[in-house]
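> Okay, here's what each chain looks like letter by letter:
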Amino acid sequence: MKFSLRKSMVVGAAVTGLLATGYAAAQEQFVGLASYRVGPFGSNGASLYGGWIDYMQMVNERDGGVNGVKLTWEECETEYNNARGVECYERLKNRGATGNSVFQPLSTGITYSVLDRVAQDKIPMVTIGYGRTDAADGRVFPWVFPMITTYWSQASAIVNYIGSKEGGNEKLKGKKIALLFHDSAYGRESHAVLDKLAERYGYELTKIPVANPGNEQQAQWLQIRQLRPDYTILWGWGVMNPTALRTAARTGYPREKIVGVWWSGSEEDTIPAGDAAKGYVAAGFNPAGKNFPVVQDIQKHVYAKNRGNMEDKDRVGSVLYNRGVVHGIITVEAMRVAQEKFGKGKPLTGEQMRWGFENLKIDEKRLAALGASGFMPEMQITCEDHEGAGMVKFQQWDGAKWNVVSDWVKGDRQLVRGMIEESAAAYAKEKGITPRDCSKEM
Amino acid sequence: MTFFLEVLIGGLLSGVLYALVALGFVLIFKASGVFNFAQGAMVFFAALTFVGFTEVLPGWTGLEPGSGGVFWLAFALALASMIVLGIATEKVVLRPLVNQPPITLFMATIGLTFFVEGLAQAIWGANARGLSLGISDEPVMWILDDFDIIISKFDLIAAGIALVLFVVLALLFQYTRVGRALRAVADDHQAALSVGIPLKHIWAIVWGVAGFVALIAGLIWGSRNGVQFALTFTALKALPVLILGGFTSVPGAIIGGLIIGASEKLAEIYIGPFVGGGIESWFPYVLAMFFLLVRPEGLFGEKHIDRV
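Protein chains in written order, with the numbering used here: chain A, 1335 to 1776; chain B, 3 to 310.
Chain A with its partners taken away, still in its complex shape (with noise of 0.2 Å):
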């Protein structure tokens, strides 16, 4: 077999060429995104993202990437349908140096539906927010990481915030507290805590659910308006949020006495609701805001340079869009920590950015360095603990914006994560799964 000069150099520099691509995608880590912004739900999904991706540019402008690995994403558009959010996390899955580092499906449907797969392909799925709450247990789910504060952290963290306006929570006892909810396995997904809670502090819990999508509430006000609660509890998604306060403000109920869960309190329900929603309260792990150094630094090295990803940039600082941001810092420290230990300057798997979620710790001293002081709450997760910090903040609407009304508020840490425990050992068990040993990891 003869080479000639000319193929040798032809082969060398395709094999030149090629290596020099390999080293360059190298050095990018890749976030695939399996976004909405379109479909009944795309004014949420285009906020969220939008801060999101946002976050990961200015990082990519401003840093030159995470240790110098530069970040890269894809979005995938799910409309919030559980068919095509599996098909975007198989588009996803292998694409970039590495596959995909993480799934953020933002949507409890999704997440259940790819709960098995991401075990087997070794990916992490970050649900904040939303999904299984007594996935939280990281020693029956693994993969899984529903972080900051599940929805049962938030249900007892609503019951101390009310308690706290009527002066401590053994106050509450004969008080009547209605649960407006989304007749959904998201909106029945207080009931267990509200339940133990309702026996242990005395206060009368009526249950009124909403059907899909909610744009017609007057038999469930009229209800309210018959029943006289001191107080109810907004547990709405999309439509069913502006619809509930423009039908209180119909039925002539104080819209102070509301208080709204964080997929209730975001501008996107208020601003549609009008006048109605004025004095309305809603929890969040997040405030609304554009005076938090981290949005300022994306104003300044995204949006100057016009590489924003918000269309309307009035919406740049809103509930949704700081949540988005709260996304991207939770996944880019994740990277920082899991490049620690597993090389700095390299993309990882997604079994090296579990690793990374595992032993995040963000404290007050590290979101003081990110700009993110009170704009989210400290966290630490665990092997065992999959949620970090278990706390929301209030905020109430002026009509304008919302304004934060109270410092972060647990839930009861022990009454929840008892609960988590027993769900997850149930579910282990029906599985066929042995809990991990988290002694035994590093």
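Do not take every clue at face value.
Sample of chain B residues facing chain A (criterion: CB under 7 Å; computed from the structure) [claimed, not checked]:
1. D139
2. K267
3. G280
Simulated crosslink set (DSSO-like; lysine-lysine; CA at most 30 Å straight-line) [as the list claims (entries may be wrong)]:
4. A/K1763 with A/K1530
5. A/K1735 with A/K1499
6. A/K1591 with B/K155
7. A/K1541 with B/K155
8. A/K1510 with B/K155
Hints listed in this document are in silico derivations from the structure and should not be mistaken for laboratory results.
Glycine included, every Cβ here is placed at the ideal spot set by N, Cα and C.
Here the structure of chain A is known, so what remains is to put chain B in place on it, guided by the hints.
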């Protein structure tokens, strides 16, 4: 008893608003025999276009935001957009499908739904917006004081607007040349063409009128719940109304709307607690199904007789 009356009246008023959406379906079905699956998307498109114009017009014209000038100009432009959309639908989607089986036309309107939804969001963005028509959404105080019954001023006025629209359209169908032509076209495309009725003009007119009805429905529903994608779901409220009232009858749409509105609210309150609640979304369909068993053509629909 007071509570029962409160629920009943609230349900009847909601029913009129369901009938308003159903009316758009009836108009197109009467004139073309097409079940327009895109009616909900048209309601969304109309409301979003109106709100979009109210946002951009102050910048374009120097008019005061929220002023009457902006409102009426936005209304006129949104109406013009709906008419253009209607005519374009007739030219691009329906005309090539003349004399095709009804299922083909129905499938075409499903495609149209996705197109209209996407077009609206591509032009105006996906943000949820508020819409104020300047009508107070509070209880009528003298009824509340004297009878302890809550009746929303907004719902009353909205129902009034809807009823005026129903009367005008019923008169149009019964007593005008255009109305007769519309009915002739609905009966048989080819026969109508053979006697000189300009099919394409009739269809353009009816899609334009359906666009106008969608705009009114969009403004009322948008003002009630905000202007967002979920406006497309109002069509789901109209379907049982149509099954019950008949696809070809304007009075049927009203009566159907009233029955559905009142029954779903009463069922939610009095039956809901026994079956876990949240039955408002499916109860009207069950009710409509029972009506179908007794009167397949609906309460006021035309009886269809096939000669063998």
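> Can you name, in rising order, the numbers of the hints this structure does not satisfy?
No numbers; nothing is violated.
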